[in-house]
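Q: Listed here are the chains, written in short residue letters.
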Amino acid sequence: MTHRLTEGTQVLQVDTLARVEGEGAMRVEVRDGEVTDVELRIYEPPRFFEAFLRGRAWTEPPDITARICGICPVAYQMSSCLAIEAACGVTVPEEIRLMRRLLYCGEWLESHALHIFFLHAPDFLGYQSAIEMARDHRELVERGLRLKKAGNALMTLVGGRAVHPVNVRVGGFYRLPTRSELAALRPALEQGLDEALQTVALVSTFDVPEMEQPYEYLSLRSEHGYPLESGSVVTTGGSAFPVAEFEGHVTEEHVAHSNALHARLHDGDPYVVGPLARYALCSDQLSPLAQEAARAAGLGGECRNPFRSIVVRAVELVHAFDEALRIIGGWNGAPGPAVPVPARAGEGHGATEAPRGLLFHRYRIDDDGTILEAQIVPPTSQNQASIEADLRAFVQPRLHLSHDELTRQCEQAIRNYDPCISCATHFLDLRVDES
Amino acid sequence: MTETAALPRLAVWKFASCDGCQLTLLNCEDELLALTGQIEIAYFPEATRAVVEGPYDVSLVEGSVTTPDDAERIRRVREVSRRLVTIGACATSGGIQALRNFADVEEFRSVVYAHPAYVATLDRSTPISAHVTVDFELRGCPIDKGQLVEVLAAHLQHRRPRVPSYSVCVECKRRGTVCVAVAHGTPCLGPVTQAGCGAICPAYARGCYGCFGPQDTPNTASLADRLRWLGMPEIDVLRVFRTFNAGAEPFRRESARYEEVVP
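Protein chains in written order, with the numbering used here: chain Z, 1 to 435; chain R, 1 to 263.
Chain Z on its own, in the form it takes in the complex (with noise of 0.2 Å):
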């Protein structure tokens, strides 16, 4: 690129973004030195999920909402459960409870270190993939390569396979694992959570561009620990209500640009859910191990540069391997693998913690369990509004930077928040016009 970008209509545009779940594009123009527009694109076919689960039966959306995302497909089903519990009228006892938040931790595990290894970190050690680090960092990468299977091990035992778990249904489970098949799996996660402080040390000292995030951060807070399966939401701004009033206080609008909703608070601003929110509202509950990496990495009571987000992650890869531990030493075995869960006609709300923050859905089913309407906001499509306010802010003062490496920082700003636009879509699209 020969003109500086800050004369006259320039373009930042990638029409393929890299290292992220799904298909997005970014686009931010610049005309005589100030960042007129940012678009982040999510141009993901449309598959009209909440459209065909009408007229599907009060048992499927765990089956069914797990294949918005294979990175994430716990997150989905773990929603969708509560949700429909609750518009039946049950809870499920203290041991289900338990057992979904060890097998939330596999997810958890597998997806942050996929991104911290191999979507994120090529960023920051100057690599296009980890392929290509591994031939540097082989060690690194073979330790994050560890790090995801012993995610996926829990994930396989506690839920029949890594992608797409069989064993979830609405209600608990199909069958539980034994003591003697979750104690088999301590040494790995033993280790994990050895590797998992070495990574927060490591990825501490990544260096980072300065900037701060002005917006509210919004998360689930719950009595039984850092957030997970469980909890109603909370805000930096100091709101809190019941996940039944999270439509609420939340409103979605479809712009032109994406086939994702943004979503907005109801003051029209942006917010923020993922590792920083849950850091921000809940890092008391983390465990005493996480806490001490923490600190020992220079995060504070909050953190606002969404460039450390890979240091949050990390953090919690400490606490959902110190979690996972937990429970597998106290599990004592549960009356049974699932209660019974008769459909009822009402209307139910769940919302848990994916990796990439909270999820969503609302169902409605009619007295025979038939489902009249269903409603699902993913995370991504939460934090849009403010992936667009982070660029606008982060393009401006740097457009003394040549055109191929702004572009290549927008990028890693956009992966900042470990997008998954394969969730998004209903529910994102990026290009950088330097007009």
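No lab work stands behind these hints, which were simulated from the structure alone. We put the CB at the ideal spot given by N, CA and C, even for glycine. Hints may be right or wrong, so weigh each one.
[Claimed, not checked] Just the calculated beta-carbon pair ranges, DEER-fashion:
1) R/Asp-216 <-> Z/Asn-305: 38 to 48 Å
2) R/Gly-146 <-> Z/Ala-184: 18 to 28 Å
3) R/Glu-53 <-> Z/Asp-368: 50 to 60 Å
[Said to hold, decoys possible] Covered by chain R, according to a simulated footprint, are these stretches of chain Z (three or more residues, beta-carbon under 8 Å):
4) 380 to 394
5) 411 to 418
Once you've looked at the hints, dock chain R against the given chain Z.
A: What follows is chain R alone, placed relative to chain Z:
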């Protein structure tokens, strides 16, 4: 960087899908680095920013065709691919999003989006084979890691992949799982579903729900009668054939028989 020029080039493409099948490639934790010594990953946006220009020796295609642009794009993918292998239920039968094929997509669009005009979509979700010649179809929702490695290894060794087309029942017997249908009366699609997953569901005390699509010679009518005999309502028989492989012909045909009797 020394010998990569001589390695076969792999490309991974995504159409309408959940990413789970391409994730399966990254889930080959024990094989991935060894594999990259044998194959050059030339195009795989989910894993790398680097783009190596085609043509490619093997293209793995995930997802179904659901937009006018994608119907064009798959033709370009075919042109630059020596072998084209579809991975997963979306690419081989249209996926769960093929449920639109039984409904009015305009109505679907208006249910999900406030401004349906912003969304370009086709009225049917179709498998890759409906658009271009496919050299090999790998089944599953998601695909099985072992089968994916087998397909890539077979390509490197210039032989046909050993991927069976018999039913899940064979895998249950081999695994020593007691038949959930016979012993417990649990509705199970195992007899009509292709093997490949390792018969996971019956091992977890549930019936097979058909992720790998129809086996070679499925007697879906007989199985449907059995499901009815076990007490399954007609609407549920329709639903069990209308999931992730609803567009696969034997499953589509069986579900259509029940469409007539379900109000």
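Q: Against this structure, judge whether each hint is valid.
A: Structure-based check of each hint:
no.: 1; hint: R/Asp-216 <-> Z/Asn-305: 38 to 48 Å; result: violated (56 Å)
no.: 2; hint: R/Gly-146 <-> Z/Ala-184: 18 to 28 Å; result: holds (21 Å)
no.: 3; hint: R/Glu-53 <-> Z/Asp-368: 50 to 60 Å; result: holds (56 Å)
no.: 4; hint: 380 to 394; result: violated (count 0)
no.: 5; hint: 411 to 418; result: violated (count 1)
Consistency with the previously given hints fails for numbers 1, 4, 5, ordered from lowest to highest.
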